[in-house]
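What follows is the residue order along each chain.
2 protein chains.
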Amino acid sequence: MTNKLSTQPYKGTRDFLPEEMSIRTQLFETLFQAVESFGFQRYDGPVLESAEIYEAKSGEEIANQQLYSLVDKGNRRLALRPEMTPSVARMIARSAGTLSFPARWYSHVNCHRYERPQRGRVREHWQLNVDMFGSESAEAEVEIFDLIHALLGAMGASDDQYVLRVNDRILVEAALTNHVGVPEEKRTDVGMIIDRWEKVNEAARAKAMAELGLDGAPFERLCELVNMDLDAYCQAAGPEAVERSRIVAIIREKQSQAPIQFDPMIMRAFNYYTSTVFEVFDTDPKNRRSIFGGGRYDDLASLFTKQKIPGIGFGMGDVTTWNFMESHGLLPKPDTGAQVYLFSTEAEGQAMVRQAARTFRQAGYRTSTAMGPTRMRNGLKQANRMGVIFAGIIGTSEIENNSLTIKNMKLGDQDIVDQETLLDHLKSFMIQPVKYR
Amino acid sequence: MTNKLSTQPYKGTRDFLPEEMSIRTQLFETLFQAVESFGFQRYDGPVLESAEIYEAKSGEEIANQQLYSLVDKGNRRLALRPEMTPSVARMIARSAGTLSFPARWYSHVNCHRYERPQRGRVREHWQLNVDMFGSESAEAEVEIFDLIHALLGAMGASDDQYVLRVNDRILVEAALTNHVGVPEEKRTDVGMIIDRWEKVNEAARAKAMAELGLDGAPFERLCELVNMDLDAYCQAAGPEAVERSRIVAIIREKQSQAPIQFDPMIMRAFNYYTSTVFEVFDTDPKNRRSIFGGGRYDDLASLFTKQKIPGIGFGMGDVTTWNFMESHGLLPKPDTGAQVYLFSTEAEGQAMVRQAARTFRQAGYRTSTAMGPTRMRNGLKQANRMGVIFAGIIGTSEIENNSLTIKNMKLGDQDIVDQETLLDHLKSFMIQPVKYR
Numbered sequence: 045m046t047n048k049l050s051t052q053p054y055k056g057t058r059d060f061l062p063e064e065m066s067i068r069t070q071l072f073e074t075l076f077q078a079v080e081s082f083g084f085q086r087y088d089g090p091v092l093e094s095a096e097i098y099e100a101k102s103g104e105e106i107a108n109q110q111l112y113s114l115v116d117k118g119n120r121r122l123a124l125r126p127e128m129t130p131s132v133a134r135m136i137a138r139s140a141g142t143l144s145f146p147a148r149w150y151s152h153v154n155c156h157r158y159e160r161p162q163r164g165r166v167r168e169h170w171q172l173n174v175d176m177f178g179s180e181s182a183e184a185e186v187e188i189f190d191l192i193h194a195l196l197g198a199m200g201a202s203d204d205q206y207v208l209r210v211n212d213r214i215l216v217e218a219a220l221t222n223h224v225g226v227p228e229e230k231r232t233d234v235g236m237i238i239d240r241w242e243k244v245n246e247a248a249r250a251k252a253m254a255e256l257g258l259d260g261a262p263f264e265r266l267c268e269l270v271n272m273d274l275d276a277y278c279q280a281a282g283p284e285a286v287e288r289s290r291i292v293a294i295i296r297e298k299q300s301q302a303p304i305q306f307d308p309m310i311m312r313a314f315n316y317y318t319s320t321v322f323e324v325f326d327t328d329p330k331n332r333r334s335i336f337g338g339g340r341y342d343d344l345a346s347l348f349t350k351q352k353i354p355g356i357g358f359g360m361g362d363v364t365t366w367n368f369m370e371s372h373g374l375l376p377k378p379d380t381g382a383q384v385y386l387f388s389t390e391a392e393g394q395a396m397v398r399q400a401a402r403t404f405r406q407a408g409y410r411t412s413t414a415m416g417p418t419r420m421r422n423g424l425k426q427a428n429r430m431g432v433i434f435a436g437i438i439g440t441s442e443i444e445n446n447s448l449t450i451k452n453m454k455l456g457d458q459d460i461v462d463q464e465t466l467l468d469h470l471k472s473f474m475i476q477p478v479k480y481r
Numbered sequence: 045m046t047n048k049l050s051t052q053p054y055k056g057t058r059d060f061l062p063e064e065m066s067i068r069t070q071l072f073e074t075l076f077q078a079v080e081s082f083g084f085q086r087y088d089g090p091v092l093e094s095a096e097i098y099e100a101k102s103g104e105e106i107a108n109q110q111l112y113s114l115v116d117k118g119n120r121r122l123a124l125r126p127e128m129t130p131s132v133a134r135m136i137a138r139s140a141g142t143l144s145f146p147a148r149w150y151s152h153v154n155c156h157r158y159e160r161p162q163r164g165r166v167r168e169h170w171q172l173n174v175d176m177f178g179s180e181s182a183e184a185e186v187e188i189f190d191l192i193h194a195l196l197g198a199m200g201a202s203d204d205q206y207v208l209r210v211n212d213r214i215l216v217e218a219a220l221t222n223h224v225g226v227p228e229e230k231r232t233d234v235g236m237i238i239d240r241w242e243k244v245n246e247a248a249r250a251k252a253m254a255e256l257g258l259d260g261a262p263f264e265r266l267c268e269l270v271n272m273d274l275d276a277y278c279q280a281a282g283p284e285a286v287e288r289s290r291i292v293a294i295i296r297e298k299q300s301q302a303p304i305q306f307d308p309m310i311m312r313a314f315n316y317y318t319s320t321v322f323e324v325f326d327t328d329p330k331n332r333r334s335i336f337g338g339g340r341y342d343d344l345a346s347l348f349t350k351q352k353i354p355g356i357g358f359g360m361g362d363v364t365t366w367n368f369m370e371s372h373g374l375l376p377k378p379d380t381g382a383q384v385y386l387f388s389t390e391a392e393g394q395a396m397v398r399q400a401a402r403t404f405r406q407a408g409y410r411t412s413t414a415m416g417p418t419r420m421r422n423g424l425k426q427a428n429r430m431g432v433i434f435a436g437i438i439g440t441s442e443i444e445n446n447s448l449t450i451k452n453m454k455l456g457d458q459d460i461v462d463q464e465t466l467l468d469h470l471k472s473f474m475i476q477p478v479k480y481r
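Note that the protein sequences, when read in sequence, are chains A and B. Going by this note's numbering, 72 is the number at position 28 of the first sequence; the sequence numbering is gapless. Going by this note's numbering, 436 is the number at position 392 of the second sequence; the sequence numbering is gapless.
No lab work stands behind these hints: they were computed from the structure. Values in this document were obtained by computation on a predicted structure and should not be read as measured data. Hints are supplied without guarantee of correctness; some may be wrong.
[Stated by the list, open to error] A few chain A residues that face chain B, going by a derived Cβ cut-off under 10 Å, partial list only:
1. R58
2. E63
3. R68
4. E246
5. A247
6. R265
A virtual CB, placed ideally from N, CA and C, is assigned to each residue, including glycine.
With the rest of the complex left out, here is chain A (with noise of 0.2 Å):
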């Protein structure tokens, strides 16, 4: 075969070599204990679901333009997941009758938008998502905020590298009936140009409410209100929505521990949240990016059943959570391969490396052997470049004498052991084995 297929991975998604592979497996187990700590429990579902989930709730956006679909054999119309809330609202509403409310669950998968890849985007990344479901209580979102708090503190992320930035549909709503004065049906437009509002200047902002008839006073008071502060807000959307909004208190009373920031911006482009909605940012000048964000859902199991189950939760990225880390230094390093390589000098050597090599895993060493006979200069540079800990030798007289030379790689001294007490020799080690995971 002549003409060589590409070794590129498919356009805007990524291999995980081992090294990055380890680094991304340590930051999401620290990230599952953190979830568990708060008593949520993992789920999964499927890559493929029907394509109507996603038409009906996730935006125009992830429908018609980013959104992986194919037709099956049977002709099901498919796509793949571009986030999964669509899919977790489904299991929830196909087991409700069996669950104890309110549920916690997260989940960790795989989502695929097209999309065209930039910094920060790819067409299929990682995903922790964090939902619970079943309480309307403003408790509810306090926890949600400690989550996040817990989760960006095991990361090792300090209260000042970030900021919990919320908004509230019910409040933004009332604000735009009260103080700008939109009519009904022109409040998701108007939400959606306040969604853009960092993104694109002032002449796009004013030419985007001229568009729906807005120009003039109204887009003054538009841009009052989105440099409010949250008395100045709450006085804009009136009592009554502020009475109905759970995070006016919880700003007001400190009840999160997370660095909480009321900011009248946030709105998130998805369709289906109905109140608290929130973003993680950067605070590095460098770099003030959303890290991730989520929101309050309370119909969005009403695609599927006739029962009210509200939700509130999150989903957190692999690439602009690790770019975060990275710009903060706080990646945990790769911690893979083996921290015992063994081999043996002679053919009859092997079966000894075989046993020897038992004995090491079942002390908790990961343990690799040679492939056959090896030179010992061959030996002990593969295990300088394996960057193990030790290596264990088995030449003639080892062989003779049923032992085995263990050298030291980092201090340099060696040890000859009898195979028969090798697992008493290793547990009396001071080097323990490190587990990663």
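Assemble the complex: chain A is given as a structure, and chain B must be docked to it using the hints.
Coordinates of chain B only, in the frame set by chain A:
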């Protein structure tokens, strides 16, 4: 909205609710540890790959009938990976310049095949993929067999509960030529007849051979061949093939700990295997089915590179593994959800509930809290339903004294603990938090 969407997952795919997910997670974590103890390093790759890498090497059934394919908006022909081996061959070829061989890699990925769903077959399954690259030595075979033994052992399986059935395509090809008299151009077709030997009846085998013009004496000799023991088969294949085969010495000298059986009927359907092939079977007479399998492929990286990189490996799917473990009573118990449930009977106790929850989490307990003031009776009922170890109760007197009543839900006794000294108290508990990870 009146027409509700279906809550069922797409046909042939599965939702994993927390209990099932806990079993799956524990199962694979056990496997990961066993694989890593052999020095294998985890990697990952994209779900979407260029369709052509499967068309070239995966075999006709997969490429023509089972592939989920799509065309992206840039007109690229893509497929959802039906298996991991072509992807990992691509990645190894891509990074061959910087790798140290032999490279020991493993992954845990979901694969998609369009199949009629039935016991043991689904359209999306999760797979542990284990491959060693860059060694032609029979030591690689021994290591892979020993690793399979370690994996099954880690799952709790004893050596009599499964058998590793091993064959070698080098021997098969020689035996087909020398003993059966199959011309070279018909060897692949006869190989497929052997592959399906146990799945069809005598008449179907005879018919398939007749279609190749090999009825009569060749068919009789083929029937002989697939029932030969190792010595007879080596005779049939001839000394040159026996010399090249790696498995003959491994079996005769019992070099591996695994329960190995030479089996002339093992072929494996993938086109890319070139020598050793193997399949692990359940020995339970009620469940004599293949759990998983693999083999040696000398040529797969050649799709991507001129460099010759031989490999040997296997893919272990979650469905057949789960069935095997279930039928032998080896499945781990679900261990998920909170170990501690905290509530206050009073609204003003919520802040203390959150504070106590932080302390329990710090001490390592998976801790859940009530979403607002909760009556004693309801709180204890909820704690019972959740199956927690401890319920923590904050009533009016606990609020007054800044304390917490901790009730042991298993033993029934309770303690009143000062919030200030809660952490020390928790550390002194006889019952330590159990981590399922």
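Output the numbers, in ascending order, of every earlier hint that fails for this structure. Hints 4, 5, 6 are the ones this structure does not satisfy, whereas the remaining hints hold.
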